[in-house]
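**Student:** Whenever a hint applies, use it, and build me the whole structure from the sequences.
Protein chains: 2
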Amino acid sequence: MPGKLILIGCGPGSGDLLTLRAAKRIFDADLVLYDRLISEDVLEHAGPNTLCVYVGKGSGDGGVQQADINLRIYDALCAGLVVARLKSGDPMIFGRAAEELAIAEAVGACIEIVPGVTAALAAAADARIAVTERREIQHFIVTTGRSADDNNALDWESLAKPGTCIAFYMGVAQAWRIQSKLMAAGVPGDASADWIERAGQSSSRTVSTTVDQIARAVAEQQVSNPAILMVRYPLSLAEAPARAVRASLFAS
Amino acid sequence: MPGKLILIGCGPGSGDLLTLRAAKRIFDADLVLYDRLISEDVLEHAGPNTLCVYVGKGSGDGGVQQADINLRIYDALCAGLVVARLKSGDPMIFGRAAEELAIAEAVGACIEIVPGVTAALAAAADARIAVTERREIQHFIVTTGRSADDNNALDWESLAKPGTCIAFYMGVAQAWRIQSKLMAAGVPGDASADWIERAGQSSSRTVSTTVDQIARAVAEQQVSNPAILMVRYPLSLAEAPARAVRASLFAS
Numbered sequence: 001m002p003g004k005l006i007l008i009g010c011g012p013g014s015g016d017l018l019t020l021r022a023a024k025r026i027f028d029a030d031l032v033l034y035d036r037l038i039s040e041d042v043l044e045h046a047g048p049n050t051l052c053v054y055v056g057k058g059s060g061d062g063g064v065q066q067a068d069i070n071l072r073i074y075d076a077l078c079a080g081l082v083v084a085r086l087k088s089g090d091p092m093i094f095g096r097a098a099e100e101l102a103i104a105e106a107v108g109a110c111i112e113i114v115p116g117v118t119a120a121l122a123a124a125a126d127a128r129i130a131v132t133e134r135r136e137i138q139h140f141i142v143t144t145g146r147s148a149d150d151n152n153a154l155d156w157e158s159l160a161k162p163g164t165c166i167a168f169y170m171g172v173a174q175a176w177r178i179q180s181k182l183m184a185a186g187v188p189g190d191a192s193a194d195w196i197e198r199a200g201q202s203s204s205r206t207v208s209t210t211v212d213q214i215a216r217a218v219a220e221q222q223v224s225n226p227a228i229l230m231v232r233y234p235l236s237l238a239e240a241p242a243r244a245v246r247a248s249l250f251a252s
Numbered sequence: 001m002p003g004k005l006i007l008i009g010c011g012p013g014s015g016d017l018l019t020l021r022a023a024k025r026i027f028d029a030d031l032v033l034y035d036r037l038i039s040e041d042v043l044e045h046a047g048p049n050t051l052c053v054y055v056g057k058g059s060g061d062g063g064v065q066q067a068d069i070n071l072r073i074y075d076a077l078c079a080g081l082v083v084a085r086l087k088s089g090d091p092m093i094f095g096r097a098a099e100e101l102a103i104a105e106a107v108g109a110c111i112e113i114v115p116g117v118t119a120a121l122a123a124a125a126d127a128r129i130a131v132t133e134r135r136e137i138q139h140f141i142v143t144t145g146r147s148a149d150d151n152n153a154l155d156w157e158s159l160a161k162p163g164t165c166i167a168f169y170m171g172v173a174q175a176w177r178i179q180s181k182l183m184a185a186g187v188p189g190d191a192s193a194d195w196i197e198r199a200g201q202s203s204s205r206t207v208s209t210t211v212d213q214i215a216r217a218v219a220e221q222q223v224s225n226p227a228i229l230m231v232r233y234p235l236s237l238a239e240a241p242a243r244a245v246r247a248s249l250f251a252s
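Here the protein sequences line up with chains A and B, keeping their order.
The numbers in my numbering rise by one with no breaks, and the one at position 183 of the first sequence is 183.
The numbers in my numbering rise by one with no breaks, and the one at position 133 of the second sequence is 133.
Derived from the structure by calculation, the hints contain no laboratory data.
Don't take every hint at face value.
Heads up, the list lumps identical chains together, so a pair's fine if it works in one copy or across two of them.
[Claimed, not checked] Calculated lysine to aspartate or glutamate pairs in the EDC-like style (CA-CA distance at most 20 Å, straight line):
{"#": "1", "residue 1": "K57", "residue 2": "D68"}
{"#": "2", "residue 1": "K24", "residue 2": "E44"}
{"#": "3", "residue 1": "K57", "residue 2": "E112"}
{"#": "4", "residue 1": "K24", "residue 2": "E112"}
{"#": "5", "residue 1": "K24", "residue 2": "D41"}
{"#": "6", "residue 1": "K24", "residue 2": "E99"}
{"#": "7", "residue 1": "K57", "residue 2": "E40"}
{"#": "8", "residue 1": "K57", "residue 2": "E220"}
{"#": "9", "residue 1": "K24", "residue 2": "E157"}
Note that the structure is predicted; figures quoted are calculated from it, not measured.
**Tutor:** Written as structure tokens, this is what we have:
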């Protein structure tokens, strides 16, 4: 009998943003695989028969490779174990879930996915930013602002429309690029932009700025990862210049 | 001393998608205000000194009005109480948080926001849909597909670009409109579209279809609220016709 693979969203780095369902699944698991973004508090939910194994991928420091993680999942599922694969945030947003789910499918194991609090919403809570707003923000967009593939460059014109709030994940290293692309696509320089470091954690910090100062804020305030950049371009901001023109016409 | 207002995201309708932090805040609160989308399991976390009050807005059935909720929050904060305002999903996505936060600011009360699992991510977990995917899905977009204001009609052309996954909240009643707008904006009829009813709950149901059958699926499968529509338009689907053309050229 093949085992069961559970992909578990553990929220963004703070142990108490774990859901009750996630805590229960961790307790019941035979094997827990976690990486470096998972808080130690999360592992405290492991049950007496749960083995917790660190599978953090290092950035060039000889950390565990995805192929090794895949093999470990494969072996455990074939042995009939319940494997809890912990993901920071939510497993379906930048979680690279597909590869690990394919293993479970290949061996005929059961699959369960436990959703989690994604970093952008923890950031919105910390910075008190409503990511949708009646009459102002129609769409909430989650992106990295990057393309894996030069042939499919990001369509910034579509992204940067009035009535949107955009959460950029992993944006610190390309702050200048995001700023210049947004402005070239027509986002006003005075639209609000907030960097939220360590969203959801007690040490969370918000650096509030505007689109024309996105990169400068990183340099001056030494914004570092993990951080979310939240850009808000409400409908009324797009109308503002037109309003100013109308006002000046009436004034003359 | 004015009290404290805590907006708490309770996740999408299943009590065990509550976070540990939310459960603790509910336990410690003096007053809990909840509406009809909040599961009864959630209220079981209330402490011995917590008063739970139902403030569900009815749709035309004489339910509590927002003005009454606001007044109740105002009175409780002025009396120095800790008020936990429960929101289904996450409070910053379609949570209409602004009005209630303004009351807390007006009386000088403390504010805390506890993020939650939003319905779209519970839907993605239930239907096993990765809302981002390397080389395929660059943006994840959350929207209602509606505009509050006829002067600011939704820009469907921008929404419906290759490389996006779109989660439509509250879409059942306008299934035909979403389908026709997406197709008019160039989304291929064979792009995948999944209706997920009661996301995150044990009674969750996924109806998998394609963009050209969005409305038909609602009629034939009697999809009803609460439901999320998840539309996936990967980059490779946009390339498919070009590939087909190239293939036919080589074949001839």
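**Student:** A separate judgement is required for each hint: does it hold in the structure or not?
**Tutor:** These are the hints, each one checked on the structure:
1. In the homo-oligomer, the alpha carbons of K57 and D68 lie at most 20 Å apart inside one protomer (10 Å), although the nearest pairing across protomers, at 52 Å, exceeds that limit.
2. In this homomeric assembly, K24 and E44 come within 20 Å of each other (Cα to Cα) both inside a single copy, at 11 Å, and across copies, at 17 Å.
3. In the homo-oligomer, the alpha carbons of K57 and E112 never lie at most 20 Å apart, since the shortest distance is 23 Å inside one protomer and 34 Å across protomers.
4. In this assembly of identical chains, the alpha carbons of K24 and E112 lie at most 20 Å apart only when taken from the same copy (13 Å versus 26 Å across copies).
5. In this assembly of identical chains, the alpha carbons of K24 and D41 lie at most 20 Å apart whether taken from the same copy (14 Å) or from different copies (15 Å).
6. In this assembly of identical chains, the alpha carbons of K24 and E99 never lie at most 20 Å apart, being 25 Å within a copy and 36 Å across copies at closest.
7. In this assembly of identical chains, K57 and E40 lie within 20 Å of each other by CA distance solely inside one copy; the values are 17 Å within and 41 Å between copies.
8. In this homomeric assembly, K57 and E220 never come within 20 Å of each other (Cα to Cα): the closest approach is 30 Å inside a single copy and 47 Å across copies.
9. Taking the shortest Cα distances, K24 and E157 never come within 20 Å of each other, neither inside one copy (44 Å) nor across copies (43 Å).
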